[in-house]
Amino acid sequence: MSEFVKPVELTGQRWVRLEPLTRAHIPEIDAAAADGELGTLWYTMTPAPGGAEQWVERMLELRAADHGVSFVVRSLDGRLVGSSSYLHVDGPNRRLEIGHTWYVGEARRTGVNAETKLLMLGHAFDELDCVAVEFRTHFFNFASRAAIERLGAKLDGVLRSHQIASDGSRRDTVVYSILDIEWSAARNNLKFRLDQLAG
Numbered sequence: 001m002s003e004f005v006k007p008v009e010l011t012g013q014r015w016v017r018l019e020p021l022t023r024a025h026i027p028e029i030d031a032a033a034a035d036g037e038l039g040t041l042w043y044t045m046t047p048a049p050g051g052a053e054q055w056v057e058r059m060l061e062l063r064a065a066d067h068g069v070s071f072v073v074r075s076l077d078g079r080l081v082g083s084s085s086y087l088h089v090d091g092p093n094r095r096l097e098i099g100h101t102w103y104v105g106e107a108r109r110t111g112v113n114a115e116t117k118l119l120m121l122g123h124a125f126d127e128l129d130c131v132a133v134e135f136r137t138h139f140f141n142f143a144s145r146a147a148i149e150r151l152g153a154k155l156d157g158v159l160r161s162h163q164i165a166s167d168g169s170r171r172d173t174v175v176y177s178i179l180d181i182e183w184s185a186a187r188n189n190l191k192f193r194l195d196q197l198a199g
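In terms of UniProt numbering, the sequence shown opens at residue 1 and continues consecutively.
Please note: incorrect hints may appear among the correct ones.
Below are the BS3-like pairs computed for lysine-lysine, each with C-alpha atoms no more than 30 Å apart in a straight line [as the list claims (entries may be wrong)]: (1) K154 to K6; (2) K191 to K154; (3) K6 to K191.
The hints are simulated quantities; they were obtained by calculation from the structure and are not laboratory data.
Sequences are here, hints too, so could you generate the full structure?
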């Protein structure tokens, strides 16, 4: 593991605590995947029911190869409600991506995602001194695109035929980013949204 991104625990004030993903989380992730909806989203990389072990191993391989760190997201009462990751870590250029994010149904349309991103972006910009944080999603994942735009990320462009899926279809990847000079405004926006949700 490089010195740029290391596993850390991050705790919010109202909604979530993030802890580094380990194999010990497999039973809880398997239970979360039984939510039923996660594995049916063809354009995402979410754990399918019964596929938690394979999903966790894939995420841990990224960390072993020094390409990222994955977190489980817990509500402050301790329930595992999702996951998000630092990916495509580029230490020399002080860049990384936040992605592979998913949540159980009950956590959606709450403050969980906003506070998760506030914690991860804050760590990336304030502790790691990143100059840019990227977000990437499938062109057809309109819910994800809207959520990324609500964070204050700007559209960088579309990588056409960027990846080939297991079924042979081609993924167009939409790329967004937040720059270090934009972080202050994005942070204020996230805190404002969290205040509204708490009110």
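Structure-based check of each hint:
no.: 1; hint: K154 to K6; in the structure: holds, 27 Å
no.: 2; hint: K191 to K154; in the structure: holds, 18 Å
no.: 3; hint: K6 to K191; in the structure: holds, 25 Å
Checked against the numbered hints given earlier, the structure satisfies every one of them.
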